[in-house]
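Colleague: Generate coordinates for the entire structure from the input sequences, incorporating the hints supplied.
Here are the chains, one letter per residue:
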Amino acid sequence: MTLSAERPHEVEKESFVPPASNAVSRRRGGGWLSQHVGTAIVAGFLGYLLGHWLGNYISSGYPVVTNTGQNSIADLMALIFMVVGWLAGIGALNYPLAKLVGREAKDDVELTGWSKYFRFNLDHKVVGLQYVLGVLLFLFTGGLLAMAIRTELLNPTTHVFSADTYIKIVSEHGTIMMMMASSVVIGPLGNYFVPLMIGARRMAFPRIEAFSLWVFLAGYMVIFSALPFGGFPTGWTGYAPLQTQAGPGMVSYLFGFFVIGLGMMAAGFNLAATIINYRAPGMTWSRVPVFVWSILATAALLTLATPVLVAGGLFGLLDKTVQTAFYVTEHGGSSYLWQNLFWFFGHPEVYIMALPGFGIVGEIIPVFCRKPLFAYRIAAAGMIGVALLSFFVWQHHLFQSGIDPDMRPLFMLTTELISIPTGFIFLVGMGTLYRAKIRFEVPMLFCMAVYFNFLIGGVSGVFLSDVPVNVTVHGGFFVLSHFHYTIMGGLIFAFMAGLYFWLPKMTGRVMNKRLGLWHFWTMFVFFNLTFFPMFIIGLLGQPRRVFTYAKNLQTLNDFSSISAFLLGASFLIFFANLMWSQFINPKKSPANPWESLGLEWQTATPIPPHNFDRIPVIMTDPYHYSEAGAPALADFGDDDFVHTSSGSTTSGDGSA
Amino acid sequence: MAEENSTDTDSHFRRITIIWLVLSVVLDLLYWFLVGPHVPPGRMTSTARADQFDFNVLFVVALPVLIGIWEFMLYSVFTWRSKRAGVPEPVGGPTAAGNKRAEVSWIVITSVVVLLLAAFGTVSVITGKGSGGGEVPNPLWSPSGSVKAETAALAGTGTWAPNTNAVLPVQVIGQQWKWTYRYPTFGGFESSQLILPDNTNIEFNVTSLDVIHSFWAYQLEVKADANPEENNVAFTKTEQLGSFVVRCSELCGIWHGAMFNYGKVVSQTAFMTWATQTEAANATNTEDLPIFAWTYVPDANGAAGGYYPDGKLTPYSSDEVYGSKQPGS
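Chains as they are written, first to last, in my numbering: chain S, 1 to 656; chain W, 1001 to 1329.
The set of hints was computed from the structure by calculation and includes no laboratory data. Check before you lean on any hint, since a few could be wrong.
[Said to hold, decoys possible] Taking CB as the label site, the calculated pair distances span: (1) S/ALA550 <-> W/LEU1029: 30 to 40 Å; (2) S/ILE584 <-> W/LYS1178: 53 to 63 Å; (3) W/GLY1242 <-> S/GLY230: 38 to 48 Å.
[What the hints assert, rightly or not] Under the rule of at most 27 Å between Cα atoms (straight-line distance), these lysine-lysine pairs were calculated in the DSS-like manner: (4) S/LYS588 <-> S/LYS116; (5) S/LYS551 <-> W/LYS1100; (6) W/LYS1178 <-> S/LYS437; (7) W/LYS1264 <-> S/LYS551.
Note that the coordinates shown come from a computational prediction; the quantities given were computed from them, not determined experimentally. Every residue, glycine too, gets a C-beta built ideally from N, C-alpha and C.
Modeller: Below you can see the structure in the form of structure tokens.
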């Protein structure tokens, strides 16, 4: 007997009725005059001009403006109006505005064809792909800036850039990359696959999901506006007296984090609400895929940590515009306030950028090992443990800053404790590999690289958490190398694994394997050749964010720079592969190319807008690779039962 | 294949463990004796020596972890790689989805290692008198005699002479974009060169006039953020003669990369000679400086004008108010 027969109410209740918002109505769909990216850009530009004029009109008479020749109020107003204009132009505000004035909003148009990717769309699958393009835009911009940094560091005395330009590039690189990394998995893969993996038809709040995307893209424009405004000299950390001293580019930085923070909070609580409330019947907490666990842990961090950043950014904006003194020590504020607020967000942020990577790896490794995920409960516990502990470690960024010294052993302890749940992830990976039958497809190679890189990143983190060693390595290239190993070596490699693994489902087109192998091996080798020497450079005394360094470090720096250029080239291979396999010469993918048991692979290809004709009833966790004749993963309510593992198609517990 | 017996499983595990043990012991010994003594930043001061030891201990613990996981991964790659094309048969067995013994031992071992490391770090930072890191105006851990030296220095009565075992207080002032140093026991003269006596406990009082800098005397193994209106104290004891470099390790604006200078550790008598001579030579300049204090704030004319002591802070106690040196104007 199938579960659908056992529990008809659960299944019947969920059977598919097309929701009203999906009603196909072509009244105003698709035309060039309706709202799309073009109108958003125009509206954003007009908003910028209007805001700038208004800001000048309001504040031009004040002495602080006349004396300094800088009008931060006008700059901020311009950016605020730009973001609002952008959101209005894309159509994000149509629904709330209509509701605000008491009207029924117009029906959303179900769009077809490629143009839907350039419009405000509520389908989580469209938003996921839009996010892919968005994060790649961030990633490639930040990557180009990194190439510029490494070019300057080729020589300790001959300078390509002026000191001023160099520090702007460094700051812009760091900030753009941090913004990218906090959404790089949550946005594209989280939005796309969480509903599919838990058996839901949509996200809990589709408008919030689309809002988070468009506000994320607005954040790109805001942070990029720092460059025409003259840049900002503070790095991505934006420490306070320098922040107060800096020019109008600082407004872009603060408002940029404010805007990105709004998007992060929106995406975070939407994902959390979806995971908690939209699981299909039978999808108990012990059957939730490990990727969903990681997204849930990340969503909790996004929801709880990001408000602190947004508040911190707001204080900074008030300091810069209306002359409050939150961070101005001589007027009663404290520069430590920013450091604490920033890192209270900033350390959970580090795990926002690590946990989704763990989730991807945990999801992919069993598929290529043909084995169940080892110690599933430990994997989930590890992610939740990391998320909880990450709120108690932030002061290790302030070990040398002049914090109360008796706090240091405490924060050393909490920081080192966090390596216990992080170690769980390694236990899970090693246990799964043990006596497996491993296929080395491109996604699997990237997952193995995540373990390799994150191990170095994690172990070097223990060195940093130790107060005596921290004296040597704090603020130098050692810490720089450490967090590139965790964020790039961990998260970006995991993101690539996820793309190679899931793009066949997302687009129906496989990535070219030969190019994929070239991409993997160049990226893996040159990533390590770029960043490993930086540990030594750091130990030999080179501080971060400098344009000159000791002459005896030139060989190591040159080695690192040349590797960095080749690492950049490996991204060109990726880009070429993406273009070739997805657009120029697409090859149709089989429905389940890796023979995964995940629920997301059991949907029809291409996935219908409502994902599932009938909400599936989940019967087991998705890692039963080992047992021939194991119960089917899910009951889709039709006679066509899902097969569980290769070679053994089963019709559940004897229902046929 | 699914019914492989447990002895076969154990043989894999035994092989991995033996290789791991041998590699770990050999590489740890090689590291400790060949690399360890040369790990930066050397052994010029007590903190450099202690922190180098600390680094080496951490490395000797970390190396087996790295070796263990890498070896396991490599072993997996070569031993359990699927040789056939296509999707392999599934792998089963009672321990495929979890193994209580392995899980519990992993958790226990990592927890014990982590707690031991935290305990070791705590002991090191206490015995190292803060290990050369900045400890705010009220350090918990300080060498004996430093309180007295500090109080005397602030009152203008501090002295230092060779062979007295006295602590030498030095003030480090960061500003965009240079380091200067004041010697309160020698009339408070200011120098752009950091000269220190050998075999002496040094107390660095680090402050800033504008934004946050970080005083990083690389070979001395001292690092303390220079905050405006904050006296960040760090200790070390010089143990070898030689020169060292001071860099700024907290981003402080466009010329952050160029904010460095050099210093020297010289013999106590040579230091005494240099200090007394410089004090005399700089006497007129010293009169124009703000009165010596642990922190300074801009006067009414802002940064372009001058600085005066902000009169808020006194060493090791925020209760006592240092009142005798308020600005004259």
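Colleague: For every hint, state whether the structure bears it out.
Modeller: Each hint, compared with the structure:
{"no.": "1", "hint": "S/ALA550 <-> W/LEU1029: 30 to 40 Å", "verdict": "holds, 31 Å"}
{"no.": "2", "hint": "S/ILE584 <-> W/LYS1178: 53 to 63 Å", "verdict": "holds, 56 Å"}
{"no.": "3", "hint": "W/GLY1242 <-> S/GLY230: 38 to 48 Å", "verdict": "holds, 43 Å"}
{"no.": "4", "hint": "S/LYS588 <-> S/LYS116", "verdict": "holds, 21 Å"}
{"no.": "5", "hint": "S/LYS551 <-> W/LYS1100", "verdict": "violated, 54 Å"}
{"no.": "6", "hint": "W/LYS1178 <-> S/LYS437", "verdict": "violated, 61 Å"}
{"no.": "7", "hint": "W/LYS1264 <-> S/LYS551", "verdict": "holds, 19 Å"}
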